[in-house]
Amino acid sequence: MTPSDALIADGETERAEAVRAELARHGHSVRVVADRETLLDHVADDGIRLIVLAPTFGTEPVATILEALRTLPRSSPAVVVVAGTREELDEQLVREVVELGVADVWELPDGVTATDVRLRLVLAEFYARLQAEHVRVGGEFTILRRALDLTGTGFVLTDPALEDNPIVYVNESFCRMTGYSPDEILGRNCRFLQRDVTDPESIAIMRDAIREHRPVAVTLSNVRRDGTVFQNEVHIAPVRDGHGRVVRFVGVQVDVTQHRDGRGDRLAMAEGSRRLAEAALRRTRFLSDAGPRLDATLDRRAALDALALLAVPALGTACVVLSVDGDVVRRDSASGAGSAIQEALDALPETRPATPGDPVLVAATGGGPLELDGTRALQALGATNGNGSATLEGLRGFAIPLPARGRTVGVLVILGPAPLGGDDAALAQDLAARAGLAVDNARLYEEQRQVAEQLQRETLPERPLRLPRASVATRYRAGGAGMRVGGDFFDAFPIEDGATLVVIGDVTGKGAPAAALATIARSTLRTAGTYEVSPAAILRTLNLTLLRHRAETSRGRFVSVAACRLDETPTGLRATLCLAGHPAPVLQRADGTVEVVGRGGTLLGFAPSPRLWEVAVDLGPKDRLILFTDGLSEAIEGDEEDRPVTVADLVEDTRDTSLDDLADRLLEASAAGRRADDVAICVLEVTPNRDRALRSV
Amino acid sequence: MQWTLDTNLIDGTRRVVPTGELDLVTAPLLARALVEAERAGDGDSPIVLDLTGVTFMDSSGLAAVLEAVQRGEEHGGPGRLGIVPGEGVVVRVLQLADLMDSLPLVAP
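Just so you know, the protein sequences line up as chains A and B, in that order. Numbering of the first sequence is given in my numbering, commencing with residue 1 and proceeding in unit increments. Numbering of the second sequence is given in my numbering, commencing with residue 1 and proceeding in unit increments.
The hints are simulated quantities; they were obtained by calculation from the structure and are not laboratory data. Treat the hints with caution; some may be incorrect.
[What the hints assert, rightly or not] Cβ-Cβ distance ranges computed for the label pairs, FRET-style:
no., chain 1, residue 1, chain 2, residue 2, range
1, A, A671, B, E87, 42 to 50 Å
2, B, G86, A, P461, 34 to 42 Å
3, A, E99, B, L105, 28 to 36 Å
4, B, V106, A, R599, 25 to 33 Å
5, A, R611, B, E36, 27 to 35 Å
6, B, L105, A, R589, 48 to 56 Å
7, A, Q342, B, E36, 45 to 53 Å
Where a beta carbon is used, it is the ideal one built from N, C-alpha and C, also for glycine.
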């Protein structure tokens with residue numbers, strides 16, 4: 001097992017799982033701890049860089065935990081984040097934890113499941129922000145921060161969401177430059193450095209830029225804690241999240257007092273600092289922009305588009321993504337600044353054979369980033385005379401492999417009039433690393449989705465159910481959003497003696513394994529029906545199959561089923577019901593009376609000889625039988641004690657409702673519960689006996 | 001209701017005590033805790049699964065419990081695992097599954 005570098009301490013498992021998944025996606029090895037002792041045991045582990053705490057953990061408030069963390073010796077200082085819902089994060093608590101040195105507070109949406117897309121987006125955004133601001137999280141950022149701290153460049157972050165846009169992060173250099181301690185700086189607006197000596201015009205320029213969310217650079221006369229005046233060259237830029245909202249302002253301060261005094265070495269140092277600071281600022285802004293955009297993408301096309309959008313014009317005039325398939329080079333996306341370049345790119349061949357010494361091939365096969373001169377750049381693009389290469393002539397290129405999980409999923413070529421400089425080259429490689437993963441994630445997601453959808457199709461009948469002498473309405477919904485695939489199933493098929501068997505069931509678990517088990521259950525029931533005629537005997541066959549699977553895989557497989565044999569009678573249908581750990585169906589008579597039918601039997605897959613009972617009930621014209629899975633009963637019976645509603649209650653007074661409307665109403669009721677479980681509903685109604693009707697006329 | 005999962009060793013008996021909702025998300029946590037309890041120590045101490053504090057149990061939760069019972073029967077011999085069903089939801093689920101008399105239920 002690899003040692004963990006991140007800890008999550010949260011008793012809310014759904015949330016802990018979501019955060020864990022997000023951190024894992026960013027390459028963290030995560031340990032989730034469920035109690036205080038385990039947390040304190042592992043906090044001191046080597047290499048823990050990030051700790052995510054719930055606002056309350058067990059019975060203890062987070063502040064107590066934070067105090068305890070402080071007293072522990074730690075090999076490397078980890079970034080601590082508090083993550084909770086708005087309700088949990090009241091103002092008092094936020095202030096308290098920030099004072100205790102928490103790096104960030106993540107406000108998460110309430111009442112979501114671990115796989116909720118909304119939660120994923122929010123987490124991706126917070127993580128990007130953490131990377132952009134709290135420089136200790138990734139290796140790259142450590143260097144950035146050290147550079148900032150050493151060069152005597154002040155660095156602050158302010159949060160415009162809080163009143164008066166206060167400083168929420170400050171580095172040591174800023175403290176040294178101003179003479180204030182972090183405690184005195186955090187929570188205040190930057191203007192506390194201003195005095196009468198400060199030029200009102202510069203202040204106005206700065207204030208307008210902040211209001212309009214524009215970057216700005218001004219030089220101000222500021223006052224240190226000891227009253228001395230210094231010339232502060234301030235660069236301010238907004239940091240946007242993936243939705244374009246300004247979430248922070250970055251302020252970089254360079255003390256240029258000496259510069260104005262005209263001392264050469266100081267000038268050079270200040271210049272150097274400023275260049276570094278500017279590069280850092282640009283990088284911070286760029287990456288905080290790129291992260292969420294790429295991470296939120298689960299579609300290959302969109303991932304490539306996002307990449308192009310981020311690279312042009314920030315890094316070059318054009319950006320092309322190519323992939324290598326055998327000896328063919330394919331152009332996956334191309335984006336240019338301006339229509340002339342875009343047209344020239346679009347005119348290039350979509351696929352071309354690899355050429356000798358092909359720069360794309362070299363970059364893709366371990367050649368690393370390559371600088372391409374004009375000729376090689378055209379070669380990489382497959383540009384020849386006559387396909388619009390004239391416009392692209394003279395552009396230089398930088399080819400970077402897109403890495404993902406130890407493979408190369410493509411090659412990013414950035415084109416521009418000049419070679420990519422050191423900072424930009426580093427940025428381009430950062431971007432490539434992220435884009436590679438995004439492209440690969442999209443591929444994996446697509447594969448999983450196809451498999452899951454294929455399985456899901458197998459759990460349900462291909463055609464609408466047809467029953468003798470009965471109309472039928474079925475509803476099915478897989479719980480949750482996105483990838484979830486359900487373990488509920490239903491079917492109707494003729495059995496050995498010509499009667500019809502209707503089955504509805506629920507297998508334990510979710511996702512592809514559950515869907516696979518549901519498929520097994522359904523096909524076993526169908527097979528059993530070719531030689532058995534009694535519902536109980538058919539269910540016993542499934543029970544044996546499940547027990548055999550258990551013996552082979554040593555994993556429990558449990559299935560609840562309601563099986564209903566239908567025989568035509570002179571007056572309608574005779575239903576012979578057999579329940580195995582399944583909620584009893586509801587019978588609604590033509591006159592509106594409602595009753596629950598069947599006798600509960602043993603869940604399948606556990607006991608070698610389950611108790612199974614057959615109960616027969618005669619159905620007349622217009623009588624309705626409602627079969628469902630516990631996704632419906634659990635949703636409406638719910639947890640609220642003052643709402644003891646059953647499916648039978650729900651069916652009362654629906655006699656005038658059409659069969660379809662009744663099915664819809666039940667499906668809606670199942671969605672109203674706060675749990676999004678799978679649900680399957682099958683409602684049948686005996687059709688009036690036409691012969692009899694004619695005779696009675 | 002917050003989910004908690006405690007494991008205590010009292011007079012040689014390992015007590016696994018989940019509280020809160022036992023569902024798709026928490027069931028794997030309980031399953032893991034039970035496997036760990038089975039392997040802990042010499043691997044033969046009695047285990048009590050106390051479900052008194054469980055406020056909701058779905059089929060995933062039931063599966064975690066049943067798997068532990070099956071493992072107990074196959075490896076630990078009878079009597080090693082006892083289940084305290086508490087009142088209400090857990091009993092309701094066990095009744096629906098018709099397993100009340102097939103499981104090694106014990107009093108708290």
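Cβ separation of B/L105 and A/R589, checked against the hinted range 48 to 56 Å: Since the Cβ atoms of B/L105 and A/R589 sit about 38 Å apart, the hinted range of 48 to 56 Å is violated.
Assessment of proposed distance window 34 to 42 Å (beta carbons of B/G86, A/P461): holds (40 Å)
Satisfaction of the hinted span 42 to 50 Å by the C-beta atoms belonging to A/A671 and B/E87: Because 29 Å falls outside the window, the suggested range is violated.
Distance restraint evaluation - B/V106, A/R599, Cβ atoms, bounds 25 to 33 Å: The hinted range 25 to 33 Å holds for B/V106 and A/R599, with Cβ atoms some 28 Å apart.
Satisfaction of the hinted span 27 to 35 Å by the C-beta atoms belonging to A/R611 and B/E36: 33 Å Cβ-Cβ, so the 27 to 35 Å window holds.
A/E99 versus B/L105 beta-carbon gap, inside 28 to 36 Å or not: violated (51 Å)
Beta-carbon spacing of A/Q342 to B/E36 - inside the hinted bounds 45 to 53 Å or not: Taking Cβ atoms as reference, A/Q342 and B/E36 lie about 59 Å apart, which means the hint is violated.
Taken one by one, the earlier hints fail for this structure at numbers 1, 3, 6 and 7, listed in ascending order.
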